[in-house]
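Each chain, letter by letter, is given below.
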Amino acid sequence: MTEPVRRLAAVMVGLVALTLLVAAGALMVGSAPISPRAVVGALVGRGGDVERLVVLDLRLPRIAAALLAGAALAVAGVGFQALTRNPLADPAILGVSSGAAFGVVVAQLFGVGATVVAALGLTAFAFAGALVAAAVVYLIAANDGRLPVETLLLAGVIVGLFFSAAITVLISVVEFDRLAGVVHWMLGNLRAISPGALAVFAALLALGVWLILGRARQLNLLALGEEAAQQLGVEAERLKRRVFVGACLLTAAVVAFAGPIGFVGLIVPHAVRLLLGPDNRLLAPAALLAGAIFLLLADTLARDAIAPGELSVGVITSVCGAPFFVYLLRARHRGGSLL
Amino acid sequence: MRRLILGLLVLAPAPAAAFAARDMLGHPLTLPAPPQRIVSLVPSATEIIFALGGEDRLVGVTDFCDWPPAARQKRRVGGMLAPSLEAIVALRPDVVVTTDEGNSQATFDQLAGLAIPVFVVRAHHLDDVMALIARLAELTGRAPAAPPLVERLRGRVRRVVEAVRPYPRPRVLYVLWPEPLIVPGREALVTELIELAGGASVTAGLPGAYPRLGLEAVVTYRPDVIVLARHGGDETSTLRATWERLAALPALRRGRVDAVEGALLHRYGPRVVDGLERLARAIHPEARAEARAQVAAGAAR
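If you read the sequences in order, they're chains A and B. Numbers 1 to 339, taken from the working numbering, label the letters of the first sequence in order. Numbers 1001 to 1301, taken from the working numbering, label the letters of the second sequence in order.
Calculated directly from the structure, the hints in this document are not laboratory data. Every residue gets a Cβ at the ideal spot worked out from N, C-alpha and C, and that includes glycine. Be careful, since some hints might not be right.
Derived list of chain A stretches under chain B, where covered just means 3 residues or more per stretch with a C-beta under 8 Å from a C-beta of chain B [as the list claims (entries may be wrong)]:
1. 29 to 36
2. 49 to 56
3. 185 to 195
4. 303 to 311
If you want the footprint, here are the derived chain B segments under chain A, 3+ residues with CB under 8 Å [claimed, not checked]:
5. 1175 to 1187
6. 1209 to 1216
7. 1219 to 1230
All chains, please: the whole structure from these sequences, using the hints.
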């Protein structure tokens, strides 16, 4: 084994172990008073109805949803950051989440329900919204093929605000009862979804992750600049399109299933980059698992911080993420390079 | 001294037909004359005013005042949270019916700034609903209409209570809103209605009127019956599928998930008794079957 491969293997083994540990911990806590012994019992099919219901039908699917969504958002963040060669890119900051959210709200206007097929339809609308938002941001910000940080951030904010406002307009004009739940959904909430929907979610994410992770090496070359990448045999345009579609798909699927959860795509790739360096071949898979762990921790906090009530997980990621964003912005201004 | 004051009171020119009342918070309302132009910012109050036959004096309602259907014909002043002050002022109201549980403080401040009198309503118990009917009857000049209406409603309540009396009380989970999960707590009118309908609300001990809960906490209450509030015409708002996956709950095993029109139970108008009857059918279908059997037996005899 070569040195980088060995390093990747070591990091991944460590992160998988950590993921399992955190997942096991998350399975033990909740507002229902169930002892760890009873949780294990429920997992092997013993114990009372309610214990099994809570552990198998509520906690387990929700943990799975948190892991999947966190992984997806982190990989989407890596993708957008590599694509824009900008460390501050993230689905929420670029306005892509808002575009996807707008798509979901429009889909709900058409009365898309809660079945598995509906979940696919919802994602399709979200995907369309995400693509439009990302394309508009790119068109606003691009200047001779370059994407200056300030313009990119501003374009993201503008597009994000526009779609948020458009959602508010829809909520205001449509009969209250039909969209009232949207206000809550907009905060970003994980919940226990049915096994069928979970499978659809996982499949969509696998596709998005493959689109990005499969080109990790080429993304490294893209970091050198498009010309350089071209000279090294990378078809920059095709690569960018592929990663763009992948990152938008990941964002859209998460928004469709859990609502716009902010900052995961920003915090996680950064933390991983600080620890492991900028090589996308290592960064992308490590960020995938780190994102899963981070969002699971955040959601476990959301479930238990004010039990028996619940917080929205998006609130927790934003509370962690906003100060981190400020730190990154200041670090940049002090001249430190983060990529 | 006392005589002097009495003398002054007698001498003071009495306002032609001064109107004095107290609202549900006990605040006095004094007007130079009985109010002829009333704006209601509370759908429950709108329903009561119509039930009393006082709608002639009702000149404005909210977008949410959708019952009775004739309420839709009244001028609308916007939503409950942010009604259009301009629309209210344009209606030249003598008094605006408001609630401190649903209207915003900003609305209260704005009305106070314009010196428009307010009549504040609220109801946490069935007795409050009956009291509110009497007070709104006075406000709308329909005082004689209140006692018969209240008596009819109380009679129906008694019949429900009688019908469910013989049966054990199942554990009832009422779901006001599915996401975020909102349930009725100690101070909610629905909690009392569930008790009257022969159920034991599993969330009755929670503080406040409408606390938010996690699904997990609700499941541990092991409800025997789940009643989902329907909002608007169809059932999409109840997210019934979320509950049907919890197949191990007693309520699901017995197929006891029902949906009830939420406006019947969350509003505190006369229809709250319709809501009570509907709840009783959801909680005690057997009581209804028996009543039908008795009627049939009576008819056979």
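Those earlier numbered hints the structure runs against, lowest number first:
none
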